[in-house]
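Just so you know, my numbering puts the end of the sequence shown at 364, numbered straight through with nothing missing.
Since the hints were derived computationally from the structure, they do not count as laboratory data.
Yeah, the Cβ is synthetic: ideal placement off N, Cα and C, and Gly gets one too.
There could be a bad hint or two in this list.
Between beta-carbon pairs, the in silico distance windows are [claimed, not checked]:
1. E265 <-> A72: 38 to 46 Å
2. K297 <-> T77: 31 to 39 Å
3. A170 <-> Q44: 41 to 49 Å
4. D353 <-> K228: 30 to 38 Å
5. P119 <-> S225: 23 to 31 Å
6. D5 <-> V356: 21 to 29 Å
7. A170 <-> Q56: 45 to 53 Å
8. L7 <-> Q44: 40 to 48 Å
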Amino acid sequence: MSDIDPDKLKMFSFMLFSKLEGAVTSGMIHLGDQLGLYKALAAAKQPLTTAQLAHTTQLNERWVREWAYNQASAKMISTQNAPSPIPNITDDTFFLSPEQTVVLATDDHPAFGMGMFHRLPQTMESLKRMPESFRTGIGHNYDSHGPEGAVGIERSFEPWTNANLISAVLPALNNITNLLQQGAQVADVGCGAGGAVLLMAKAFPTSTFTGYEISQYALDRAAQKLSDAKLTNVFFNDARTNPLPTNHSLDFVTTFDCIHDMTHPAEMMQAIHASLKPTGTWLLVDIKAHDTFALNAQKNPMAPLMYGISVLSCMSSAMSAPGGAGLGTLGLSATTAQAMATAAGFSQFNKLDIDHSVNAFYEIRP
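Take these sequences, add in the hints, and give me the full structure.
This is the structure in structure tokens:
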């Protein structure tokens, strides 16, 4: 203990509590989204006092004020001082910059960031289950996060997908847009709430789309969205009871951010291969990752978040059955994906030039 450097001790303590600050502020971000505080700030034509913000949202001003102080000091919202009608009193006023507005309050913008914060309580609730998982090795599937977990995933990925799938991603694949226009048999494995399936089905009415999912909460969401969309070329299946065809009948298969979550990803890749025609295409979208922990830690500033969410969600899902592969959030690098695809019988593997802050895109063919 005599070797402790007091300055290093102070800096490490500061760093530790900065992590706690981030966790607590994340909780405040969840509240800002759930209570409509961000949307109220975004809709205002001028900066608001906390009294005005509380009035607009029908909330208690004292609670709104403390929330706003947290958010402004964390630089999540912007502030400036404005003269008060009461002499010698200055009220703090708050507003959103254009960048803060699209990330915090614009649900359909590709940069919208509230999805993971939507499901934050359910994600953190899983901490109570983690000690047993660490002892037994068995994790918990996505339905352990409840219905809000499915909604959070939906809100995380659909804004970017809605803005880019039809216009940028599909045209990057060889001849897929033409094939879908002519009429194709398509499957989306791990379809979640069905956003990508419904988007493609609307754009390509002559093709038939089937979504496969094992989360009952996500399937319930998908069924409701299909009912609202009134599309007749879409079907959703529980993959446990109605799996992919094995007769090489599909033209196109997509997987969005789900292979690394699966208990048996190698077997799923084999199933995808068995479902595709010899001329078919698999679009694999998954988290960008490097081949080693050292590279991930060095090159990805979000590595601590990725590894942490892996324990609470992604790897937990991937180990939710005995013998689960446990790839985890950063477990499917391009090298690993290509090796696994080759082992599953695929012969062509091509990384697509698509810009995304989190995901990598691969075109894979038999």
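Here is what the structure says about each hint:
1. E265 <-> A72: 38 to 46 Å: holds (44 Å)
2. K297 <-> T77: 31 to 39 Å: At 34 Å between Cβs, range holds.
3. A170 <-> Q44: 41 to 49 Å: holds (43 Å)
4. D353 <-> K228: 30 to 38 Å: holds (34 Å)
5. P119 <-> S225: 23 to 31 Å: Cβ of P119 to Cβ of S225: about 28 Å, so the range 23 to 31 Å holds.
6. D5 <-> V356: 21 to 29 Å: violated (36 Å)
7. A170 <-> Q56: 45 to 53 Å: holds (46 Å)
8. L7 <-> Q44: 40 to 48 Å: 46 Å Cβ-Cβ, so the 40 to 48 Å window holds.
Consistency note: the structure conflicts with earlier hint 6 alone.
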